[in-house]
Each structure stands twice: as C-alpha cells, then as structure tokens.
Amino acid sequence: MSSNINLIAFGTFGNPNGFTQTFFAGNSNLAKSIRTFDINTSALNLFPNSKVYSIRKELANGCNAIAYSIYTYAREQNSTRGGTFIGSSILLIDKIAEENIIINCLNEFHSNLKNKNVQNDVIKVTHSNDFSVSRPKDFDKINARLREIGNPDFARTTNRQLVVYCETNPNQLQLIFKKAVDLLDVYDTIYFTENSEVAEFVHQKRIFQLVRKDGFEAEIQKLEEERQRKIQTALDEFARERERLEEDRKRAIEEYKNQIEQNERLHLENERRIKESKNELNCIGQNYEAFSKNIEESISRLKKGEKLESIRQLYNENKRIFIDSIYNQKKAEFLRTIPKYGIKTELKVEKPIHSGQKQYESDSHSYDHSQPKRKAYKINIFKVATIVLSLMWIGTLIYFLFFHTSEDSIKNQLQELPQQQVQIEITDSKAIIPELNPVPNVELNENDYRNVAKNLNYNIKIDEVVKIIFDKNPTDIKGTYTGQEENYGKHIIDLNKDCFEEREEVYFFVKDTLRHIPSYKYNNL
Amino acid sequence: MNNDNENLKPLSLDNEEELKPLSFETKNKISNDDFVPIAKATSNDIKNKDSNFVFFFGDAGTGKSVILSAMLYYMRSQVGVIRPKLGTPNTKEAQVLLSDFFENIRQGILPNRSDRDRVIRLDLVFEPNNKSSKVPPVNLTFLEMSGENHKEIKRGGNYHSSIESYLNANIPLTFIMVTSFESAHKDDVLINEFLDELERKNKNLKSVNAILIVSKWDKSGRTDVDNTEELDSFIYERLPMTAQRIDTYGLSKTYFTIGSIVNSEGLDKINLLNLSTAEVLSKWLYRSIVGYDLDYEGTFWERIKFSFTN
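Residue numbers (the numbering used here), protein chains in the order written: chain A, 1 to 525; chain B, 1 to 310.
Since the hints were derived computationally from the structure, they do not count as laboratory data. Hints should not be assumed to be uniformly reliable.
Per label pair, the in silico range of CB-to-CB distance [to be verified]:
1. B:T228 to A:N380: 53 to 63 Å
2. A:K137 to B:S276: 37 to 47 Å
3. A:E225 to B:E199: 51 to 61 Å
4. A:L401 to B:K131: 55 to 65 Å
5. A:E98 to B:V81: 51 to 61 Å
6. B:D268 to A:S111: 49 to 59 Å
7. A:L235 to B:V81: 33 to 43 Å
8. A:E224 to B:D268: 25 to 35 Å
9. B:K131 to A:N78: 36 to 46 Å
10. A:T158 to B:R303: 51 to 61 Å
11. B:N170 to A:K137: 54 to 64 Å
Which stretches of chain B does chain A cover? Using the computed rule of at least three CB atoms under 8 Å from a CB of chain A, they are [said to hold, decoys possible]:
12. 58-71
13. 90-101
14. 115-124
15. 141-153
16. 179-191
17. 262-268
Bear in mind the structure is a predicted one, so any value in this text is a computation, not a measurement. C-beta: ideal position from N, C-alpha, C; glycine also.
Given the sequences, and given the hints that come with them, work out the whole structure.
This is the structure we're talking about:
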C-alpha cells in the first residue's frame, strides 16, 4: 500500500489522556511530525449531532501534505465539558486524489469509527490507540487517480482559518473541496459545516472567519482575481521589458555600427601612415648614403692635395645638412589599435523569486544593504562603555601621578611658608637685637635676680636697669658684656617684655622683679 | 488486504521491521543551489517579561481551566479589580477566553477543554482593594494550556516549544500543580517528572513558588476538610513521592472545589458556586508574589489613618 495515503483517527478522551491521534494506515513516521488535529476550542465547538469537515495543508517532514478530516460531536467519559469530539482524517502526501473517493472513504471510515467506539455520544475508549476501526472499502481506489497539488504554498503558514457555513452532503462537498485546495494559499485550515449552532458559535467568538457559501465563492473569486492581478502585473512587466529590450537592441546595434565605422576610418588612416613611413624609410637610406658619399669625396679630394680648410668646411656643411635631415625625419607612428566593442545592455537579471520566498528575498535584499550601514552606524554600547571607563581610569591615574603629587608639593610649600615667615619674624626681631658676644649661656638664678631686684626702682630707664645689673654681677655680666650695655638692655627688654613700658622711645621698668637676666659662665664650658 | 472490511491496527512507531543502514556521516547531499529560507520566526522568545507568570501543570481534565477561571472570578468579584495590562495587548483568543470565563462561571457553565500545543497568555493587572501601601497592584500573566501537553515530558520527553520557551525563560514563574481527587494516584509519577524537569531547567524548588492542588474535592462528598491532616493523609496515601518532595522543599498544598455540580440534561452545571477555595488559592498566590497578605490590615500608622478615614 502506498504510504502516501494516511488514515488517522483521533478524539478527546478526557482525563488523563486528553486529545490523542493515531495512524491506522499509511506512513507512521509522519505521526510525529504532523500537527495535531485538535480544534481551537475557544473558536470552534462541536455540538450534539453536528458535523464539521475540514481541509488543511501542512509541511510534514518536508513533504506537502493535505488532510481531509471529519469531526463529529462526542463526549469524554468522565466529564461533560464542551469542546470534545471524535474525528477521522485522510492525509495525502504530495498528490491529491479524486474528492468523491476521499469523501466516501472518510465518511465510511468515520461512521464505522463512531459505531464501534461511541455510545450515546460518549467515547468508550481512553486513547485513540484503542479505537477499533475498519478499512474503508474503496481505500485502495484513492491511489488510482492521483493528481498533482496545484497552487498552495505549503511552506507558508498564515495562521488564518476559515469556516464555511454550507451544505456538506457528499455531492456538494466534493465540489467545495476541489475549490478549497486553492484557497489553502490564504488559509491554513478551512472548516465546513452545515450546522447552524456551530456556525453561530464561530461567529460569536470571532476568532475564525465565518462565511456562507457565497462568501466562500467570493473568497475563491478574490483569490482568483488576486492571482489574475498578479499574472496581469507579470504580463505588463514582461511587455515593458520587451519594449525596453527593443530600445536596447536598437541602441546597441547603432553603437556597434558607429564603432565599426570609426574603426574603418582608423584603419584607412593607418594604411596611409604605413605608406608614408615606407617613403620615409627610403629617404633615410638616401640621406645616409649621400653623407657617406660626401665623406668619401672629401677623402679623395684631401688625398689629391686640396686645401684641408676648404675640405673641412665642406664636410661640416654636409654634416649639418645630414643631421638636419635626420632630425627632420618623421618617426614611424605606431598604429592606433582598434578597440573591440563590448556590447552593454541595461537589462539586469532579476533573481528568481518564489512566491513563498519573496518576503525572505526582499528581506535578504534589505539585509545586504542595510546590514553594513547598520554596522557602521550602530554604536556598540559595550564598546563605548569600555572606552569611556578606560579613559576615566587613565584620567584618574594621570591625576594621581601628576596633579596629586603637585598638590602634595603645594601642601609642603604651604607648610613651609609659615616656617619661613616665622624664620623671617625671628630674624627680623633678631635683626633689631644683635646677638650679644659671647652668646649668654645661663640666666641668673633666683637668688641672684632677687638680689638685683632689691636695687631696682619703679619707673627707672633701661640704661639704669642695665647699670644696676652690671654692678650686682661684676664678673659674669659686667666682665663679659662691658661695652655692649645698650645691646644687653635690648635683650633684657626682649626677655622680660611685660616688665617694661615704652614712653617716647625710651623703655621704663614698671615692675619690681626681672626674672630673665642673661649671663655668661666661663666654667660652664 | 483482500478482505474489504479488514480491521486495522494502530500503526506503531516502535516495531520498525526494516532496518536501514546507519550513516554517521553528516548528511551534506544538498547541493549548494538550494537554500532554505529562514522562516520569519514564529518566535519562541517571550516578550514583555515584566510580569509574574503563573504556570498551571496537570493532566487533561484535572480542572486547570476551572481553577483559573474561579481565581480570576474571585479576584475580580471579591477583592479588587483584575484588568488587562496596558501596553501588552492580549491576543484575540485570550480576550475571548477571558470573557468566556467570566460569562460562563456566573451561569454555572464549566470551561471548555483547552486545545493542544498552544499556550494562551492572559496578561492582567490585579489591583487589590486593600488600601495599605504594602498591598500594591501586581502584574499577573496566566498561562492557559491543555493538559495533554504535560504528558509529553514523560520519560524524559520535551515540552512543546510553545511551553518550553516559558520554562526556559528567565522570568518569575509560579507553578500551580493540579491533580484531581479521582485520579491523584495516577499522577504521582507525572508530577515528580515535572518537578525533575523544573530542576533540570535550573528552577530550584526551594526558591520557587509552587503549590499542589487536589481539585474536584467535592467528589469526596464534601466541600471542605476538617483539618489539615485530612488533606495531608490524602496526599501521603495517593501521592507518596510528591508528598515527600513537598515536605522536603516546604512547598504548599491545598484542595480545590468549585462548588456543587449537578448534571442537568446531560451537562454538568455548577448549581452552587463556592469561592472559598479559590480565595485560599488567590491569597496564596498574592502572598507568594508580594510577601504580604491580601487582607493585610495595614501598618500601625495606616491603621490609625484608616480608623479616621473610614
């Protein structure tokens, strides 16, 4: 038996198997690759005593398949929910058969299936594998008159379904099925029912498109018109192409003729030039011969004893004539080559476009052109991010390497600056008060400065204070700093600032005790 | 095949009689002229990740959709406003599903079964009517999918790509694992395989928000449990492996019932809507996301303020 004709039974079995379908004849390898015969239950429902036929196309294992199916109402065993059915299908691969035979077989197979497996609208088995079925009488006849499937493009699925509300007796149905194959170009599946309840349900849900018989005819008409329109456009296109071709032909021939004429002219010209060149060649020979004769004549005349000067003059004269004639000699011109004229046509070969691949072609076309552009213009965000981040990183690094250190140095400068200022202050004050010589190494102890204090009076001038100190410490201070009294006084003021008051540039002692009195002890060293 | 009425057996995928020569070379037969167009990705990457995703796990028919619709209804009708999120438009299907939920639950109609291989994403904002600043609005994204797909992970299988993408994405996920009262004993292995799958996907169970729900509790004949031990012993008895895992990782567990259901004209209908279990679940969800209770009384100052304003 040909495995191109497949007999399938299916149904809804409720818990736990649900919808299952089983191949009872044909090529079971297909079983895994064909779509289910399940119905979209929110769009189409079977009702008691209703019957729905369908025709659908698909690509099964790369083969074009058309399935003719019948669905009738049947309930699951343990539930009464809607959307349940039992059905049969004849699935044909690559070729289709006479519709009347298919319909007869399908009806016979299905009524058999129902009789054996359905009781009171309830399916008696729990899996389609358990169906008991029998082979339709005319099943082998399906093979007899196979014909090629016409137009539908199997690779393209439109995800559109059509439901036709029309009579579905075998006579009507075979006509409808015949027409419907064409319409599979537009719809994936077409359902036919004469049950008004089903039709109303479909209409209510508005998921599948519902049409009546005339609507179906109109759809076919539309498809036919669409096809005609496409053919017409193709015809127009060919006609235009032919016109363009004619123009092209004329232009090409014209151009070719022109080129030939031009080449002929060129050819004549070249011929003339060749003749000229031959003449020139003779002249060259004569010139050389003439000059050679002249030289010989000059030799013979010299031998005869004629004057050298006149001979030399004559020779030079001849030589000049010869050289002039050589220079004036035309060089043989190269032939201009005659180009071979390449015929160009503006007609271009269009890529063959299958209707199904049209979309893809145009896509790939746009892909070819747009892709590089897109590549050029599309900015890769990750690249940009990487670049930006690395720039920032480098920037930070540079900042720390250069600016950060300079900031340190600024800080150092800042720190150094007050020191310098302090130093400057110190030196300033020291500049005012020159160092004593030698620099004092001790101050008077308490006993000594109290002794000094006894002799100090309130409101005396600095000079007198110094004098008193010198008097009280004759060895350590007077002995060391005699002659530096003024300077010593300044040091006293500096060391005991709070004890003196300045009045008209003279310092007066205003306290009772001087605590810091610089001194110098030799034995300290 | 002469017999006209020959019985057919299901084709098995496993008993391949014909052995084909194995080739380990990379197949490079395709000549260079062929090129395969790259499909405009029916992309599996998840957009608008800025939300708290709620992922329902459970077998077909365990009541995931019921729980979801009850939670949404509770949040919308009792404790605040649940509204579509601005800027992330829901698909048309999600809108239809949402309005179906609200419309049907009031009429006592249970949700339809969900179809396979698809995740319907409901992007919502929940604004509690609690005035405390500790109880802020949260983004909630509910992922509604069929239970059939969860079976696919059995024996190391993979999820359908539409679901897989949510599990692989780095998004805050809350897992609500549902098993029904009637079939809990069958789900023990599956739930564990799911938890394994989560571990494989680097979702550490210690840090993940997950709760185990025993749904259809009304099938036990009552709509509540006397004490927590009743639920615990049920889980220990029916789901021993899962129970250990829950205890070890300190995950939460609860039971769920939508109320009492009667069968009228061959159709199950809710004749008494009980939102108390939906309340528990909604509060758990809020607390696990925000960290504060939905009915938090407010900080000390807020309580003083509220005592004046109210």
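Okay, the hints, checked on the actual structure:
Taken as a hint, the range 53 to 63 Å holds for the pair B:T228 and A:N380, whose Cβ atoms sit roughly 57 Å apart. The given range of 37 to 47 Å is broken by A:K137 and B:S276, whose C-beta atoms sit roughly 58 Å from each other. Checking the proposed 51 to 61 Å range against A:E225 and B:E199 shows it holds: the Cβ atoms sit about 57 Å from each other. In this structure the supplied range 55 to 65 Å holds for A:L401 paired with B:K131, their Cβ-Cβ distance being about 60 Å.
Checked against the hint of 51 to 61 Å, the pair A:E98 and B:V81 passes, with Cβ atoms roughly 59 Å apart. Here the CB-CB span from B:D268 to A:S111 is close to 28 Å, at odds with the stated 49 to 59 Å. The supplied range of 33 to 43 Å is broken by A:L235 and B:V81, whose beta-carbon atoms lie about 60 Å from each other. Under the hint 25 to 35 Å, the C-beta atoms of A:E224 and B:D268, about 48 Å apart, miss the expected range.
At roughly 45 Å, the beta-carbon separation of B:K131 and A:N78 lies within the given 36 to 46 Å, and the hint holds. At roughly 58 Å, the beta-carbon separation of A:T158 and B:R303 lies within the given 51 to 61 Å, and the hint holds. In this structure the supplied range 54 to 64 Å holds for B:N170 paired with A:K137, their Cβ-Cβ distance being about 57 Å. For the stretch 58-71 of chain B, the proposed coverage by chain A is satisfied: 4 residues have a C-beta within less than 8 Å of a C-beta in that chain, meeting the threshold of three.
For the stretch 90-101 of chain B, the stated coverage by chain A is satisfied: 5 residues place a CB nearer than 8 Å to a CB of that chain, which reaches the threshold of 3. Beta-carbon proximity to chain A at under 8 Å applies to 5 residues in the stretch 115-124 of chain B; the threshold of 3 is reached and the given coverage holds. For a cut-off of 8 Å, the count of residues in the stretch 141-153 of chain B with a CB near a CB of chain A stands at 4, and the three-residue condition holds. Restraint check on the stretch 179-191 of chain B versus chain A: 5 residues with Cβ-Cβ distances below 8 Å, three needed, restraint holds.
Evaluation of the coverage hint for the stretch 262-268 of chain B: fulfilled, as 4 residues show C-beta separations to chain A shorter than 8 Å, against a requirement of three.
In this structure, the hints that do not hold are numbers 2, 6, 7 and 8, in rising order.
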